[in-house]
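Colleague: Respectively, the protein sequence lines represent chains A and B.
Under this note's numbering, think of the first position of the first sequence as 26, with each following residue one higher.
Under this note's numbering, think of the first position of the second sequence as 26, with each following residue one higher.
Just so you know, these hints were derived from the structure itself, not from any lab.
Heads up, a few of these hints could be off.
Pairs involving identical chains hold if they fit within one copy or between any two copies, as the list cannot separate such chains.
Calculated cross-link-like contacts (lysine-lysine; reagent style PhoX-like; alpha-carbon spacing at most 20 Å) [unchecked claim]:
no.	residue 1	residue 2
1	K154	K96
2	K96	K266
3	K154	K266
4	K154	K121
5	K288	K210
6	K215	K266
7	K288	K103
8	K190	K171
9	K216	K288
10	K121	K88
11	K171	K266
12	K288	K156
13	K46	K288
14	K266	K156
15	K216	K266
16	K154	K190
17	K96	K121
18	K46	K215
19	K288	K80
20	K190	K170
21	K80	K171
22	K103	K88
One-letter residues, chain by chain:
2 protein chains.
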Amino acid sequence: MFFELYWQYFLSGLLLWVVVKIALSIKNRRNLVATKDVYIEYDSEEIPALPLDLKHIPLDFSKLSTEESLKNSEEFYKLLNQRRTVRHFSTQPVPKEIIYNLIKTAGTAPSGAHTEPWTYVVVSNPHMKQKIREIIEEEEEINYKKRMGKVWITDLKPLKTNWVKEYLTDAPFLILVFKQIYSFKEDGTKKIHYYNEQSVAMASGILLAAIQNAGLVSLTSTPLNCGPALRSLLERPNSEKLTLLLPVGYPADDCLVPDLHRKCLEDIMICFL
Amino acid sequence: MFFELYWQYFLSGLLLWVVVKIALSIKNRRNLVATKDVYIEYDSEEIPALPLDLKHIPLDFSKLSTEESLKNSEEFYKLLNQRRTVRHFSTQPVPKEIIYNLIKTAGTAPSGAHTEPWTYVVVSNPHMKQKIREIIEEEEEINYKKRMGKVWITDLKPLKTNWVKEYLTDAPFLILVFKQIYSFKEDGTKKIHYYNEQSVAMASGILLAAIQNAGLVSLTSTPLNCGPALRSLLERPNSEKLTLLLPVGYPADDCLVPDLHRKCLEDIMICFL
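Only chain A is shown next, with the shape it has when bound in the complex (with noise of 0.2 Å):
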């Protein structure tokens, strides 16, 4: 008696808790829905921060000739084209002006909604360099050991990687770029950063370019499983993700490339003409 008392407590009970769980699951997909699907246009500027008076000015534009812009676009692909991932970096130094006006240059992307969600995070620090390496080779250590799997492994000899990553004190100067996912308004309520990861990710895109348009080179790469230790020894707060870390400086004298080529133009591209 008393034990079927208490399995239809118990029914009860599971069956209120599934109800309140299909209700949130419910509620949960409208704000996904309400958060995917929110009006926006890059550089469409912080909505709700604008003043009504806004003003709108002539856009400061000098046109070029024709033939100009044709030889730019040619030069420009040429320099790009140039540009390939690297892990072997000499120890040589950069000035670190460099740096910065390769920052500054990233800063111009545009954003989703000019929030403008980003944090580069800049290191030559000896001391700082040598515990960032300790922590990706760590991680890096379990991930081939472990995490992999052997096809994996198999696969990754042509290109003699393993967890051991010099470039990481090597090279003069790490970024690592961190997306912030949203902040605080004045009021102190949250301000969710919509596109932080595309937004992000483009103006890491500018970034690879000033980059190699500077004459340095630099390895995209996302350490696998180290956000969270990373940003903690940064010392970035929970509302940012580390998205990649770019070490950058000049190749390492014998630095060899892995002999890969792109995708032609046909293959990218389709055209109405």
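Please build the complex by placing chain B on the supplied structure of chain A, with the hints as guidance.
Modeller: Chain B alone, transformed into the frame defined by chain A:
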């Protein structure tokens, strides 16, 4: 008696459903971790597709002097800092060769495991531009009238935007950037493109830099809810998703831009020197 029995059947069924649901959610979470935590480095080359005897060749690198590097980094910053998102386009034509160079430049971006997961659809055909405009304006009218809510509409007033998008037919070229979520291996099995979102956004950043460098302007737009209709119109496969639509051309003579400013270096950079 009958009712009591049904009640217990119902509860037993419910219990079973809950157990299955929990089991599935655990399984999904595991899959999610497996997908997110994949070890990858950008440009780290298509690992399963790499031959075991992949050649490693010396990097082709010409070193600039420190002065040249510094000068280049300053000039590139000045050039990109002039970039503004433009909403008013001139109908003045642009030679298609320039657009091709821009796309080729975007194609030099690094990508997760060198998958190059991007398709650029270039549209200058007036009939096609008109169709694209119709699809977007139809959705945008619903966005403005129903989806965006009163606060948003009020907040948009200073920007003087609405659902009418003249730039879609005024600009000589539209570049629609599609990310390839997956492709197919030679044996017909699915090849997942890890980090496709981030890779395509980085390539888009490089594309924006190339557009600015060629003396053209653009608008980094993400048409809300229009992806499937545009994918269908442009005959792109299910494996591709629209991420950006960039009108490209010259600004209208009377082009105005909102008087906005960018964060300064100190607000976006943290240093450990």
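Colleague: Does each hint fit the structure? Answer for all of them.
Modeller: Each hint, compared with the structure:
1. In this assembly of identical chains, K154 and K96 lie within 20 Å of each other by CA distance neither inside one copy nor across copies; the values are 41 Å within and 27 Å between.
2. Taking the closest pair of Cα atoms, K96 and K266 never come within 20 Å of each other, the shortest separation being 39 Å inside a single copy and 32 Å across copies.
3. In this homomeric assembly, K154 and K266 come within 20 Å of each other (Cα to Cα) only inside a single copy, at 19 Å, whereas the closest approach across copies is 38 Å.
4. For a Cα distance limit of 20 Å, the shortest separation of K154 from K121 inside one copy, 16 Å, qualifies, whereas the shortest one across copies, 46 Å, does not.
5. With identical chains, the CA atoms of K288 and K210 are at most 20 Å apart between copies only, with a shortest distance of 16 Å across copies and 44 Å within one.
6. For the homomeric pair K215 and K266, the shortest alpha-carbon distance inside one copy (16 Å) is at most 20 Å, but the shortest distance between copies (30 Å) is not.
7. Taking the closest pair of Cα atoms, K288 and K103 come within 20 Å of each other only inside a single copy of the chain (15 Å); across copies the shortest separation is 31 Å, beyond that limit.
8. Taking identical chains as interchangeable, the C-alpha atoms of K190 and K171 lie at most 20 Å apart only when both belong to the same chain, with a minimum of 18 Å there against 53 Å between chains.
9. Proximity of K216 to K288 under the C-alpha cut-off of 20 Å is restricted to the inter-copy arrangement: shortest distance 17 Å between copies versus 40 Å within a copy.
10. Proximity of K121 and K88 under a CA criterion of 20 Å is satisfied inter-copy only: 17 Å between copies versus 33 Å inside one chain copy.
11. In this assembly of identical chains, K171 and K266 lie within 20 Å of each other by CA distance neither inside one copy nor across copies; the values are 25 Å within and 34 Å between.
12. Taking the closest pair of Cα atoms, K288 and K156 never come within 20 Å of each other, the shortest separation being 38 Å inside a single copy and 30 Å across copies.
13. Taking CA atoms no more than 20 Å apart as the test, K46 paired with K288 passes in neither setting, with 47 Å inside one copy and 43 Å between copies.
14. In this assembly of identical chains, K266 and K156 lie within 20 Å of each other by CA distance solely inside one copy; the values are 19 Å within and 40 Å between copies.
15. Taking the closest pair of Cα atoms, K216 and K266 come within 20 Å of each other only inside a single copy of the chain (16 Å); across copies the shortest separation is 27 Å, beyond that limit.
16. Within a single copy, K154 and K190 get their C-alpha atoms as close as 11 Å, which meets the 20 Å cut-off; across copies the closest is 49 Å, which misses it.
17. For the identical chains of this complex, K96 and K121 are inter-copy neighbours only, at 13 Å across copies versus 31 Å inside a copy, given an alpha-carbon limit of 20 Å.
18. When the C-alpha separation of K46 and K215 is checked against a cutoff of 20 Å, the pair qualifies neither within a copy, at 25 Å, nor between copies, at 33 Å.
19. Within a single copy, K288 and K80 get their C-alpha atoms only as close as 45 Å, which misses the 20 Å cut-off; across copies the closest is 18 Å, which meets it.
20. Taking the closest pair of Cα atoms, K190 and K170 come within 20 Å of each other only inside a single copy of the chain (16 Å); across copies the shortest separation is 54 Å, beyond that limit.
21. In this assembly of identical chains, the alpha carbons of K80 and K171 never lie at most 20 Å apart, being 58 Å within a copy and 28 Å across copies at closest.
22. Proximity of K103 and K88 under a CA criterion of 20 Å is satisfied inter-copy only: 16 Å between copies versus 23 Å inside one chain copy.
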